[in-house]
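Q: With chain A's structure known, arrange chain B on it following the hints.
Read top to bottom, the protein sequences are chains A and B.
Just so we're aligned, residue 85 is where the first sequence starts under my numbering, counting upward by one.
Just so we're aligned, residue 3 is where the second sequence starts under my numbering, counting upward by one.
Treat each hint with caution, since some may be false.
What the hints assert, rightly or not - FRET-style restraints, in silico, Cβ to Cβ:
hint	chain 1	residue 1	chain 2	residue 2	range
1	A	Lys172	B	Ile28	18 to 28 Å
2	B	Ile368	A	Ser219	48 to 58 Å
3	B	Asn512	A	Pro254	50 to 60 Å
4	A	Lys257	B	Gln334	32 to 42 Å
5	A	Pro254	B	Asp156	37 to 47 Å
6	B	Tyr160	A	Lys429	52 to 62 Å
7	A	Gly175	B	Gly107	55 to 65 Å
8	A	Val426	B	Ala152	33 to 43 Å
9	B	Ile28	A	Asp196	42 to 52 Å
10	A	Thr246	B	Thr136	29 to 39 Å
11	B	Asn512	A	Ser205	21 to 31 Å
12	B	Ala152	A	Thr246	56 to 66 Å
13	A	Val426	B	Gly50	22 to 32 Å
14	B	Glu195	A	Lys337	55 to 65 Å
Unchecked claim - Covered by chain A, according to a simulated footprint, are these stretches of chain B (three or more residues, beta-carbon under 8 Å):
hint	segment
15	99–108
16	220–234
17	302–314
18	325–335
19	458–468
Hint data in this document are derived by calculation from the structure and do not stem from the laboratory.
Just so you know, these numbers come straight off a predicted model, no measurement behind them.
C-beta: ideal position from N, C-alpha, C; glycine also.
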Amino acid sequence: MTNPLAQMPLIPHKSRTHPIFPLMRTILNKASAFLLLCFTANAAEEVTIYSYRHYEADQKLYEQFTAETGIKVNTLKAKADALIARIKAEGDKCPADLFITADVGSLIKAQDDGILQPATSELIKKQVPESLRDSEDFWTAFTVRARVIVYAKDRVKAGEITSYEDLTKPEWKGRVIARSSSNIYNQSLMASFIAKHGEQKAYLWARGVRMNMAREPEGSDRDQMRAVAAGIADACIVNTYYMGLLVNSADEKDHAIAEKLAICFPNQDGVGTHINISGGGVCKYAPNKENAVKLLEFLTAANAQSVFSETTSEYPLVRENATSELLKSWGPFKADPLKLEVIGKHRKAAAKAFLKAGWK
Amino acid sequence: MRHFTHKTFNKLRSLPWVLSVLVIAILAASPLFFIYKEVQQPTQEMWGFLAEEIENPDSPTGENDPSPLQNYVTGSLLMLAGVTVLTLIIGVGCAWLVSAFRFRGRALLSVLLCLPMAIPTYVMAVMYNELLMTSKYSLFIWVRENYSPAAAADFSIYWKFTLAILVLSFSFYPYVFIAARMAFKSQSAAYLESSRVLGHGLGSTFLKISLPLARPGIIAGLTLTLLETMNEFGAMKILGIETLTTGIFSAWLDFDELNSAVRISAIMMVLIFIILLFERLLRGRRKYHTHRSSASDFHGLAPRKLTTAFIWTVCLGVSFVTFILPVAKLVQQAALALPDRDLQPYLDLVLSSSWLAVRACFVIIIAAILLAYTVRIIPKWWIHLSAKISLLGYAIPGAILGVVLLSVKGSLHHSADDLAQWIFHSTVTGLIIAYAIRFLAVGYNPIEAGFKKINPHLDEASGSLGKSRLTTLFRIHLPLLRHSFLAAIVVLFVDVMKELPLTLILGPSNNDTLATKTYGLFAAEERIPEGSIPALILVVTSLLGLLIISTLLNKKRS
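Looking at chain A on its own, in the form it has when it is part of the complex (with noise of 0.2 Å):
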C-alpha cells in the first residue's frame, strides 16, 4: 500500500542534501503508517472508561475483566471535573461508556449535567447497599471511604478527641492540620455538615478548625500524618486509606510514622463517621451500554471487593466482608446514614463556607 503522507513533495528532491533531511522523511513515514494503524484497529468487543482514579490496582482488576469476559477496557484519566467537561463537549458522539470517580460529588454534579443514564442490573442491585447508590440508578458506589481523624498517640489519649466538632474546641488551638480545601474530600465533608446543620453553622464548625490550626493547609493526606507523627500538630483530618498507604509504604520511614498514628472514627455517639464512596454511572451516549454495567457488575462482585480492600485499603461496599487484615484490624464503625445524594447537592455552598472561613 503506498502512504500517501511519506509522498508528499513536502521537501523538493534536490535540497536532500543535508542528513536531517532522511531523518524527517523516516519520521513522516513512521507517522503516516501510525495513522493507518490507527484506522484499521479492530472493533472488538470493548468497553470505554473515563477514570478519575489512577490507582494501578483499578488497571490490574480491568485485565482481568479482559480476560473473564473478553472485553477491551480503555482507559483515560483525568480529574474529575475536566472529564465532566470533556464529555460535555463530546456531546452524543462522546465515546465513553462508563465515568468513574473518587468522590460523590462528581458523580452528582454529572448527574445534574445530563451526562449519565440510568442502568443497573439485578446482580447490582443485589452487590451494593441501597444507601450507596442512586435511587434512580444514575451511578453506584464500588468502594467506600471514611474521612477520620488520625491523632498522635503519646500525645492525645484516646477518646481524648471524639468528633469533628472537637476539632473546634479551645484545647485543640494549634494543634490541628488539614490539607488544603480545595481538596474534594473535604469539600465533601463540608458538604455533609451543611446538609446537617445549615450552611451558617457548617462555616462556624470550618472557621473554627482554621483558628485552631497549627499552620496553613499544605500537602497531602500523606503529609498530614507525617507532620502530626513528627510534632507539627496533635491531629489531622485524613481518609482512611492513606493510613493503608503508610503501612504498605515501600519506604520503611512510613511504617514508623504509622505506628505513632492512630484512627479515631468521629461522631460514634452521634450521627457516625462521614463516608464518601468510588464509584461509576454509566454515560448517557454509552456505545457499549451492556459492557459497562457488566464492568460495574465485576467491580461491585466479591472478587474485585477483597481485591481492593487488600491493595488500595478502601472497605469494600459491604464492611463487614472485608477481607483485609489492616482494615478488620481497626474495628467496626458506625457511618453516617446521611444519603450520598445529598452531599452533592451542597458541593458548591462547601467551597463557598470554606472561601469565606479562610481555609485556604
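A: Just chain B, lined up with the frame of chain A:
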C-alpha cells in the same frame, strides 16, 4: 500597467505565506478571544466572595485577612519577584563564569548546568519536599518552643514561599543560563579586548560591556522563565502556595464557575502583558549587530589556578543543588519500590511518550519555520503582529487553553464529526495541535534568532538567481539553521515530555505518558516511591534526548 501586474504577482506569490501565518495566529488567538468574550458575561456567584476580605476573629488589630483574590495576586507576584532575582543571579553568573574563562572541563560544566531542564518542576518540588521535610519539622518545633505557636505558623509560611521560589528557580534558571551563554559566546572579542586595553578589569568589563550587550538575550530567557512561573500549577499545589493559576483551577473545578476562572485568567493575562511590555522596553529598539564574522568570537581568558577552583566550586555547587541532589533523592525513592515492580510497562511508556514528543516537535518546528520565514520575507507590521500573537499560547494558562480547545472540539463534533473523531479519539492529532499552540514560542525563538543571523543579501542573491522563496528556504536557510533547529528541538522535546494539563484534558483514551503516570502516582495515589520510577525514567529519557542532541550539535560544529 506593468508595474501594477508585477505588484499583483508579488502579492499572489506572498499569499500562501500570509495565509499560513494568519491561520496559526487565529488558532493561537482563539483562547484570548474566548477570555474576552467570557469577561463580558455577568459575573457568577463566587466571584463576589473571591474579592471579599476574610474575617479573622484572632487578629489583634481587628483587621480582616486579605481576600482570596489578593492572596492569589500576592502569591504570583512574590513568585515572579523571587524567581527573577534568583534565576538572574544563578543563570547569568554561571554563564559569565563559563564564558569569560577558558579552562579544562568548561564544556562539561556548561552541559551540567543545563540538565535541571530535564526534571519536571513538580518532580523537583516533591523531591525537595521529601529532602527537607525533617529539617522543616525540627525547625518548626524549635520556633514553636522558643517563640510562640503563632511564630511557628508564620515560619511555615515563610518556609513554603522560600522553598517554592528556590524550586522554581532551580528548575527554570537554565532558560536564562542558555540565553546568556549564547549571548556571551557570540560577543565579539574585539569589544572585550578593547575594554581590557582601555584599563577596565574583568568585573567592570562584565558590567559595562558584556552585560549590556547580552541584555536582549538574557531578557528573552527571563521572559520564558517568568511565563513558566506564572503557569506553574503542580509544584505550587504540592508546596501549598496560592497563585493566580491555582486560583483558576479552584474556580473552575471547586466552585464549578468557568466564568470566574476565566476572570482570574484575565487578571493573569494583564500581568503577562506587563511582563511582555517590560521585555520590549528592556530589549529596546537598539540592534546589536557584530560587524565582523564569527571569526572574532570571544573564547575566554585563561584563568589562574585559584580562579579555576572557584569556578568549579560555584558551578558544581549550583549543579549539585539543582540537579544532582534531587535526582539522587529520586533514585533513592525509586530504588525502594523497584524490587516488586515489573519494568516492561514503563519501557512501553518510554517509547510511546518519546514518540508523541517527537511528533509534536516536528509539527511545532514546521510551524515555527513558516512563521519566522514569512516574517523575514514579508516584513510588514501586521505580519509581525500576527507572529507575536501566535506565540501567546505560551502565556495562556494551560487549563484555559484546555477548556477552549474542548469547546472547539465540541463544535467540531457537530459540524464535522468524522474529522473530530479522527483528531481527538483515534489519534493524538488534537493533542499535538494543543502542544503546538502551547509551545510554539519555545520553538520559534531560537529559529527566529537563527534567521536574524543570516545575512539578507543571501536571500537577494538567491532571488536574483531566479530561485523561488521556497527553494531559497530549503537550499539556503534550512542548512544554515541546523543549529537553531537542534536547539529548538532539545527544549521542545523536554517540554512536551513533561507536559501535564493538556495531556490529561485532551488526550485520547489509553494515552498514558510518563508524565501522567508520575502524576497519577504522586498526586492521586500519594505513593512517592512508586511514582519515582516513571519520574526517574522521564528524567533519564529527557536527559538522553538532551545529550543526543548536544552531541549532534558539537559534531556539526567541529
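Q: Next step is simple, just say for each hint if it's right about the structure.
A: Against the structure, the hints come out as follows:
1. A:Lys172 x B:Ile28: 18 to 28 Å: holds (25 Å)
2. B:Ile368 x A:Ser219: 48 to 58 Å: holds (55 Å)
3. B:Asn512 x A:Pro254: 50 to 60 Å: holds (54 Å)
4. A:Lys257 x B:Gln334: 32 to 42 Å: Taking Cβ atoms as reference, Lys257 (chain A) and Gln334 (chain B) lie about 38 Å apart, which means the hint holds.
5. A:Pro254 x B:Asp156: 37 to 47 Å: violated (21 Å)
6. B:Tyr160 x A:Lys429: 52 to 62 Å: Violated, since Tyr160 (chain B) and Lys429 (chain A) (Cβ atoms, about 40 Å apart) do not stay within the stated range.
7. A:Gly175 x B:Gly107: 55 to 65 Å: holds (60 Å)
8. A:Val426 x B:Ala152: 33 to 43 Å: Holds - the Cβ-Cβ distance for Val426 (chain A) and Ala152 (chain B), about 38 Å, lies within 33 to 43 Å.
9. B:Ile28 x A:Asp196: 42 to 52 Å: violated (35 Å)
10. A:Thr246 x B:Thr136: 29 to 39 Å: holds (32 Å)
11. B:Asn512 x A:Ser205: 21 to 31 Å: Holds: the Cβ-Cβ distance is about 26 Å, inside 21 to 31 Å.
12. B:Ala152 x A:Thr246: 56 to 66 Å: Hint violated: Cβ distance 28 Å, outside 56 to 66 Å.
13. A:Val426 x B:Gly50: 22 to 32 Å: holds (26 Å)
14. B:Glu195 x A:Lys337: 55 to 65 Å: holds (58 Å)
15. 99–108: Violated - the segment 99–108 of chain B has 0 residues with a Cβ nearer than 8 Å to chain A, which falls short of three.
16. 220–234: It is violated, with 0 qualifying residues against the three required.
17. 302–314: Per the Cβ count (0), the hint is violated.
18. 325–335: violated (count 1)
19. 458–468: violated (count 0)
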